[in-house]
Structures are given as structure tokens and as C-alpha cells.
Amino acid sequence: MTQLALVIDLNVCVGCHACVTNCKEWNTSSPTAGPMVDQNPYGKDPTGTFFNRVQTFEVGEFPNTETVHFPKSCLHCEEPPCVPVCPTGASYKRKEDGIVLVDYDKCIGCKYCSWACPYGAREIDEHQKVMKKCTLCVDRIYDTTMTAEERRPACVRACPTSARLFGDIHDPDSEVSRAIRENGGYPLMPEWGTSPANHYLPRRKTKLRIREDELERADNPLKIDQQLPKPGKAEPSLDDVTSW
Amino acid sequence: MHPAFSVVFLTTLIGAGQGLFLALFTVESYAAFGLLPLQSDSFYAVGSGVALILLVLGLVASFFHLGRPERAWRAATQWRTSWLSREVIVLPAFMGTVFFYGVAHWTGFNPELAELPSGAPVNITAVLGTIGTVLAFALYICTGMIYACLRFLREWHTPLTVINYILLGGASGFTLAAALAAVEAPAVMPVLAGWALIITALGLVGRVATLIRNARLKPKSTLQSAIGIKHPKIVQKTMGMMGGAFNTREFFHGASAAMLRSIKWMFLVTAFVVPLMLLGMGLSQSAGGLIALAFFIQYLGLLAERWFFFAQANHPQNLYYQSVA
Ligand code: SF4
Ligand code: SF4
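Protein chains in written order, with our numbering: chain E, 1 to 244; chain X, 1 to 325.
Excised from the complex, chain E in its bound form:
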């Protein structure tokens, strides 16, 4: 069975909101999900429907703090608590690829599913009066009129730092499964047993260790036995002489 999902690398995300913008753009103009209407877009308190938000947290105490940018959207849980509570069957999880979707023609806007999602991933559309949430760009990823490169979620394509990976987490050899396995990928709020499909990769300290012998060749035969006076660094070495 396939379970499509996003893997979001918190070590890489720079909090630029490009995914938010591109998500809104694609889904507003898409024939299936859109429009995603805003209220007061140019007024004092602009608000509207989004599938994806980027939040920022400060971890630690000054001066030892780190800023963590945290993109958040529907996690396409493998045990989605939002689905069984829906009285109309508008919320459903697709068998073939595990994407959790809302049928906008069936939804009555009762908001019950949003109460049942611990992550706050669902937002009502105040204009259409139906519940909306991330579709994993189901209207892109199967569109064969697009090139393979384009057949990925809009947020993934927009991310300038490649912090967002997309793929099948049930395929052990996929890029996302490998990323989860090798970089300590984790789900959010594991305490509720929702088994979110989306995973996050933790912050990692990236350190480059350089030893002195890597800067200056220790195995230079001219220098090993100290037979000759150490040539100046600007002098051509044997390598320089022989490599042309």
C-alpha cells in the first residue's frame, strides 16, 4: 500500500513562506480545491484559508537560543481521527495513496472534523462554507500533462532550500523513507496514536572538522624525511610540477 507524505527538514527550513505562497497560489487557481478566499485581504486584519502555515519558535534561553521555523499542514495521518467523525462522509482517506481529502460537494460545514484533529490542520472556508485542508496537491501529482518534475506538490517545488521532500513512506527505498530512517525523522504528537504520515527531520549540528594535515599535505615525499629545508608555501610543490 502506498502512503504519500511530506518529510520536512527543520534543519534546512529558513522560514521564507515560499511554500505557503505557492500553495495558496496553486490551490486558489486550481479547478478542484479553489478558490481559497481571504477576508479583508488589504485591510487591518487580513485573514483567510490556508493549507499550510510556517510558524517560528525560539528554543532555549537567551543568549543560547535557536530559531526553529516550523511548516505545518495536514499530516495525512494513517489513523486519521478526523475521518470517522464526519457525519456526511465528506472527509475520507484514499485507499490507493493514503491522502486524506474533503469532498467539497458533500461537506455541510459542521466543523466537527476540525475538532477531531489535534493538529489544527483543517480550516473552514468562510466563503464556500466548507472544510478545507491540504490535498497533497492531488490535482498535480497525477496530472500526466505535466512533466515528472512538475508532478510534485506546489510547496515542495517552491522550497528554495529543498527542506520539503515528497514521496511514499511505505516504500522502504524511497527518498522520504531513507530520510526518516537515516536522519531521525519523527511524527508530531505521537501520544494520540494518529500515526501521522508526514514526518519532520530534527535540527542537527552541522560541523566541519578540518585537521591540519588536511590543509597541508603530510604525505608530500619531499617533506617527509625533512631532507630538504621546508619549501615556502608559495613555492611549487612536486604535484604542481608534475600535474601539468
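Hints listed in this document are in silico derivations from the structure and should not be mistaken for laboratory results. Incorrect hints may have been included.
[Stated by the list, open to error] Below 30 Å or equal to it, Euclidean Cα-Cα: the simulated DSS-like pairs (lysine-lysine) are: (1) LYS218/X x LYS111/E; (2) LYS233/X x LYS207/E; (3) LYS230/X x LYS207/E; (4) LYS111/E x LYS237/X; (5) LYS220/X x LYS93/E.
[Stated by the list, open to error] Estimated spans, in silico, between C-beta atoms of each pair: (6) ARG178/E x GLY244/X: 34 to 44 Å; (7) LYS218/X x ALA148/E: 45 to 55 Å; (8) LYS218/X x PHE62/E: 22 to 32 Å; (9) VAL269/X x GLU25/E: 50 to 60 Å; (10) PHE63/X x HIS127/E: 11 to 21 Å; (11) PRO35/E x GLY108/X: 51 to 61 Å.
Cβ coordinates follow ideal geometry from the N, Cα and C atoms, glycine included.
Based on these hints, arrange chain X with the ligands on the given structure of chain E.
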């Protein structure tokens, strides 16, 4: 959670309607077994009419909660998994039963269908009343389970939620029935007022037990588990928007802690203490006016109780929405 007035009215109105019907049928059952004098049909007919009005008002209120009320019929389809769907089915079924129960009494069309071994007659109204009783309890359970089944909302995720829906609905319904009986059937007023006293007292016990339980709850989700970073000190700097979102409007009640506290004391007094006193006085003085007053005050108190019920529930998603920037 943000208390939606549509749901506050829906749950309190239908709760009282169900309780009123249960009270009517209690009296009829007592009379069938000769424990109480037989009452005129008009008492049951008027009572059913009032119960039906409450149920219809509740149903109307519920439509204000829906974004797309014209599609409400679809909500009956997922009864296998959704308590909301079950409620959507049971409510009209119950309303229909109350309607026919009232009509049978109104028209006096009440043939005997069978006889119990003891010799007590089984009339149409007895059958309808039994069905109605089952449906009334089923409806209480559905309404309560809509909230009790959400395991993340730990203030609601307890059998006490269902018990309280039964007791509080029953209390207001029996009080209303006693007030009606004071006008229509004075002979049964003391029995009904007595039951109203007992159920109101039980409701107070159930509600206080819930308050004590919820005061001791420790949140299961933390900011650490919400974003998966194991550091004791994490502060949200921005939630990704400044003008608010559905998430900031639907899940926060926006009232101060002091306001919440005062509403708690207010509903404890108006939904329980004052009605208990008025019922006691009404009972001892056989004063229907006091009992009617008890119902109105209790109903207002239950509105406050329901507001508090919603406001007190703290949704884990709120962890993600703490700082505007
Ligand atoms: S993140 Fe929320 S909306 Fe998405 S599948 Fe999980 S429970 Fe449902
Ligand atoms: S808001 Fe729509 S999708 Fe959500 S539970 Fe209600 S009908 Fe189902």
C-alpha cells in the same frame, strides 16, 4: 473551545424536551400501574406539544451551526462511525414519536393493543411512550458521545459527559413538567417536582464531579511533543499570520480566567442551588408559580453551564497558536 450559541441552544433545548417527554411518560406509566390517579389526555397533549416546540427550536438552532444547511440530509449517512450522524437520525425519529404520542392523546385515539399478565392495559400511547423513552435516552447518549468520543478534548473524554447530558436534560425537563402539571394536572405535580428535585441534585453531583476531575487534568500534549523538540524552554514567536485564522477563532473562547471562574459559580447557583430551593418551596406550598420560576432560572443556568462546558475544553491545537506576529 469557542462556545457556539447554536450548539449551546441546541443541546439545552432538546435536553429539556427529552426530559419533559420522559416526565410525561413516567406519569403515564405510574397511572397505568395505578400508582397515580389517571390524568386527562390534555395534560399529555399539551406536554408533548411543549416538548415538540423545544425540540423544533433546538433543531432550528442546530442549522445555524452548519455552513451548508441545505445539505444537512447528508449527515444521516455515516451512522456507522459518527455520533453526530447518529444524533441526526435519532433526533427526527424522537420528534416523530413525540408528535404521534401527543396526537394519540389529543385525539383520544388510544385503543388497547394487549394486556400485561398483571392485567394492566397496553395502549398505543404506552407503546409510543416506550419507544420514545428508548429514543430519548439514545438521543442523550448520542449528544453526549459527540463530545465524549473526542479523546484529545480531555475535559470531555469521560463517561461523566454523557451522564451529565442525561441528568441536566432530565432535571430541566422534569422541572418543566412539574410546572405544566401545576396548571394541567395538579394531582401529579408533587411527584414530578419530587423527581425534579432528585434529578437536579444528582445533576449537581455529576457536574461537580466533572469540575473536580477536570481541575486535576494534566495536559497530555505539550509544545515539546507538538513540534517534536525536546527542550524545556520553547516560545512561539509567530504562528504564521497576524490577522487570525479559523484556528484562532474556533478554538479559543477569548474570555478571561476570572470571567470563566465567575460563570462557573454562576451556573452552579442558577442551574442547581436556586432551582433546588424553589422546587422545595414550590413543593411544600403547592405553588406552581415558584416551580415555573425554577424552570426559567434553571434553563438560564444550563445555558451558562453549556457555555462553560465548551469554553473549558482546551484543544491541543492551541499549542500551535499562541503568539501573533
Ligand atoms: S493532520 Fe488532522 S486533518 Fe490531517 S489527517 Fe491528521 S487528524 Fe486529519
Ligand atoms: S465540516 Fe464537512 S468534512 Fe468536516 S465533519 Fe462536517 S461535514 Fe464532514
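Going through the earlier hints one by one, which of them does the structure break, listed in rising order? Violated: none.
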